[in-house]
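J.: Please build the complete structure, drawing on both the sequences and the hints.
Heads up: the protein sequence lines correspond to chains A and B, in order.
So the first sequence is numbered by my numbering: it starts at 1 and just counts up by one.
So the second sequence is numbered by my numbering: it starts at 132 and just counts up by one.
Please keep in mind that the hints were generated in silico from the structure rather than gathered at the bench.
These numbers come from a predicted model, not from an experiment.
Just so you know, even glycine gets a beta-carbon here, dropped at the ideal spot from N, CA and C.
Among the hints, erroneous ones may be present.
What the hints assert, rightly or not - Cross-link-like lysine-lysine pairs, in silico, DSS-like; alpha carbons within 27 Å at most:
id : chain 1 : residue 1 : chain 2 : residue 2
1  : B       : Lys-285   : B       : Lys-411
2  : A       : Lys-128   : A       : Lys-74
3  : A       : Lys-44    : B       : Lys-274
4  : A       : Lys-107   : B       : Lys-340
5  : B       : Lys-355   : A       : Lys-128
6  : A       : Lys-131   : B       : Lys-352
7  : B       : Lys-603   : B       : Lys-680
8  : B       : Lys-274   : A       : Lys-25
9  : B       : Lys-150   : A       : Lys-25
10 : A       : Lys-44    : B       : Lys-432
11 : A       : Lys-107   : B       : Lys-135
12 : B       : Lys-141   : B       : Lys-153
13 : A       : Lys-44    : B       : Lys-411
14 : A       : Lys-25    : B       : Lys-603
15 : B       : Lys-340   : B       : Lys-150
Said to hold, decoys possible - Which stretches of chain A does chain B cover? Using the computed rule of at least three CB atoms under 8 Å from a CB of chain B, they are:
id : segment
16 : 2-14
17 : 64-78
18 : 82-89
Unchecked claim - With the Cβ distance kept under 7 Å, some of the chain B side facing chain A (calculated, not the full set):
id : residue
19 : Trp-289
20 : Asp-290
21 : Trp-339
22 : Ile-344
23 : Leu-351
24 : Leu-353
25 : Glu-356
26 : Arg-417
27 : Ser-422
28 : Cys-423
29 : Pro-424
30 : Gly-437
31 : Met-594
32 : Tyr-596
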Amino acid sequence: MPRIEFNPGACSGCQICQQVCSLVKVGVLNIEKARIRIVTEFGKNYTRHIAHVCRQCEDPPCVAVCPTGALEKKDGRIIVHEEKCILCLNCKNACPFNAIFIHPELKAPLICDACGACTTYCPMGALKLVK
Amino acid sequence: MKWKGGWVGKILRVDLTEKKIKEQKLDRDLALNWIGGRGFAIKILWDELLPGTDPLSPGNKLIIATGPLTGVLLPSSGKVVVAAKSPLTYGYGDGNIGSRIGVMLKMCGYDAVIVEGRAEKPVYLYITSDAVEIKDASHLWGKGAIEADIILRKEHGWDAGTLVIGPGGENLVRYAVVISEFGRAGGRPGIGAVFGSKNLKAFVAKGWKDIPIADKTELLKLMKESIEFLQKQPGYKKWVAQGTMMTVEWCQENATLPTYNYSEGVFDKALDIGGEAMEKMYKVVRKACFSCPMPCGNICKGKTKGFETVFGELDYENVIMLGSNVGVGDMSWIIKLNYLCDEYGIDTISAGNVIGFAIELYQRGIIDKTITGGLELRWGDPELVAKLLEMITYRKGFGNLLAEGVRRMAEIIGGEAPKYAMHVKGLEVSAYDCHYAPAMALAYGTSEIGAHHKSAWVISWEMRYGREKVDKAKPAKVIEFQRIRGGMFEFLTVCRLPWIELGYPLEYYPKFFKAVTGIEMTLEDFWTIADRIYALIRAFWVREYGHWKREYDYAPRKWFEVPPTKGIVAGKVLDKKVYEQLLDWYYELRGWDKNGIPTEEALKKLGLEDVAEKLKKILRK
Chain A
1 MPRIEFNPGA CSGCQICQQV CSLVKVGVLN IEKARIRIVT EFGKNYTRHI AHVCRQCEDP
61 PCVAVCPTGA LEKKDGRIIV HEEKCILCLN CKNACPFNAI FIHPELKAPL ICDACGACTT
121 YCPMGALKLV K
Chain B
132 MKWKGGWVGK ILRVDLTEKK IKEQKLDRDL ALNWIGGRGF AIKILWDELL PGTDPLSPGN
192 KLIIATGPLT GVLLPSSGKV VVAAKSPLTY GYGDGNIGSR IGVMLKMCGY DAVIVEGRAE
252 KPVYLYITSD AVEIKDASHL WGKGAIEADI ILRKEHGWDA GTLVIGPGGE NLVRYAVVIS
312 EFGRAGGRPG IGAVFGSKNL KAFVAKGWKD IPIADKTELL KLMKESIEFL QKQPGYKKWV
372 AQGTMMTVEW CQENATLPTY NYSEGVFDKA LDIGGEAMEK MYKVVRKACF SCPMPCGNIC
432 KGKTKGFETV FGELDYENVI MLGSNVGVGD MSWIIKLNYL CDEYGIDTIS AGNVIGFAIE
492 LYQRGIIDKT ITGGLELRWG DPELVAKLLE MITYRKGFGN LLAEGVRRMA EIIGGEAPKY
552 AMHVKGLEVS AYDCHYAPAM ALAYGTSEIG AHHKSAWVIS WEMRYGREKV DKAKPAKVIE
612 FQRIRGGMFE FLTVCRLPWI ELGYPLEYYP KFFKAVTGIE MTLEDFWTIA DRIYALIRAF
672 WVREYGHWKR EYDYAPRKWF EVPPTKGIVA GKVLDKKVYE QLLDWYYELR GWDKNGIPTE
732 EALKKLGLED VAEKLKKILR K
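T.: Written out as structure tokens, the structure is:
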């Protein structure tokens, strides 16, 4: 089952993955249109980098709650059929990993399809494409 | 010539007095002749600021500027310039921060923001792709910069871009900085105090628009090549492990490590607070700026009991100025002191310099307990340093004097004090001792904001070239570095470190510029723009001072008059004649006159005829 694996200890929070994702998958430079999100949280005594990206669940709750069949699990990946999506956000709310994103200019949710483009740019080796 | 990407096309103008928000189109001439970042800042300040404006009055203008390459997929593009007339130097002041506010502003649709006036009550600016709001900040006022940043992020999301000031900025400490994302600071010449004077606690930006790019395929290709290039460099691994902290050992070897207020160039405990020690014992997380494949952010945790609860983001400059320069050799304490400065929102470099100056004056008997309010000032006393940092931030007692910076302190104290005040043009010297480094001393002397190392960091070159040599290559190198680091990197508004630290070829920048904007420019074109920026910055200083003197470009007196006693620099002082010669050559190469004022001819060559006219009028008075 292909998916993107994240190593938080290696990540630096540079968000190169997000830029590459938006360029490769949407054709624009816009980290808010990426299908992966890296967030750096910090406090007085901690700093951590967190990745939000689809885990390609075995039994994906997002697909289960989609009322129009816009989401499909095919060859181990979640596929979004944009034309069927009504932006009800059920999938986003059902995702336990906060890995589904909505953008005001886009007609369907952003979900990683494990293409692996981001992993080839990750300078820290924090992202890996697992087959 | 119309661009196809890079610039997003609008400038935001916020008048805090009138609560007015206006947008203006990014002017084509401004974009092509000044590019962005520092270029925008100086051009706007020159055109719009009323000459002689009090930097802490509502009349001062605060500029937050990105460049066409900011926030774009290229090595280390996550930068932003914050600028204003400086309350520390009364000349041009700016700083450059690694903060997501740059990319976020562009995604909101703005290349730059100009803030004018003064809010009646504490406010912060909240900017999105849809709207700009001046919001109440009464719940944030008085809070530490990191604390306030966290509150804002909890409200607006961790992915927001922010700039925040601490109580240092609120209380108008003249070297208050702007903080972002825990330990990122910028705006050494008191830009944080300008925020404070406007009752502006913070900026928050959250955008979702595309950043237009002329050639996306080329951009992806260039970035791939760039990452591969950087990772192949022999120094890559160590750089990522230690970042600028490796400079501690290097400076110790070359005896250029500021120690006891630049009395010595070596420190007994240098290795305890060096890059190796940090990597092995204190570093817990690495942290990158936006789009950086060679992250140098060192998040460190103390070892000593009590200090393991506080993290600090360590860089060479902070560690040395709060370490050896005040005689402190305990890394856990330095982590804590560094954290305190960031939370207070005061500059670590100036704070360490100011405190070192005070201790030296006390030790030499130039000041006593009647001035310090009963405090005994000793070297190597971190608890004293922590106490003084707090007194500075809240302008308590003796701290009120320290909050003014070393130039004003020296003027107020008088007597022998100016001899030990380590500054140029009022900005405290950063962490390189130049008793035996004349080119680096010249770099400090001629830096565009006062004694800062950012632009002409020629010290490493000088050690290889020959410290003792006196020839035209030295001022020429200072100018070359000012063009590259103080010019190109500042107006493109991306990080200078890939080039200087890992030899990333400069030729990549015109290539990225073409791929992003669609416009062809050569490195030579970039140098002309850099020279234009330097000439206008100098003209701004002359205009704001109402006159100019060659001595304003001198390195601090101590380097000429008080020799160190230890290591390979023992007994060495800068030679005044040598310095004068280097300065003459520098002026000659720049086309400036004997007093450091750009000549009419030089200004005309750079397309600044109107500036030449204005300077003539000012100097005739």
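J.: Compare the structure with the hints numbered earlier in the document and write down the numbers of the violated ones, lowest to highest.
T.: Numbers 1, 8, 9, 14, 17, 18, 24, 25, 30, 31 and 32 - these are the hints that the structure violates, sorted from lowest upward.
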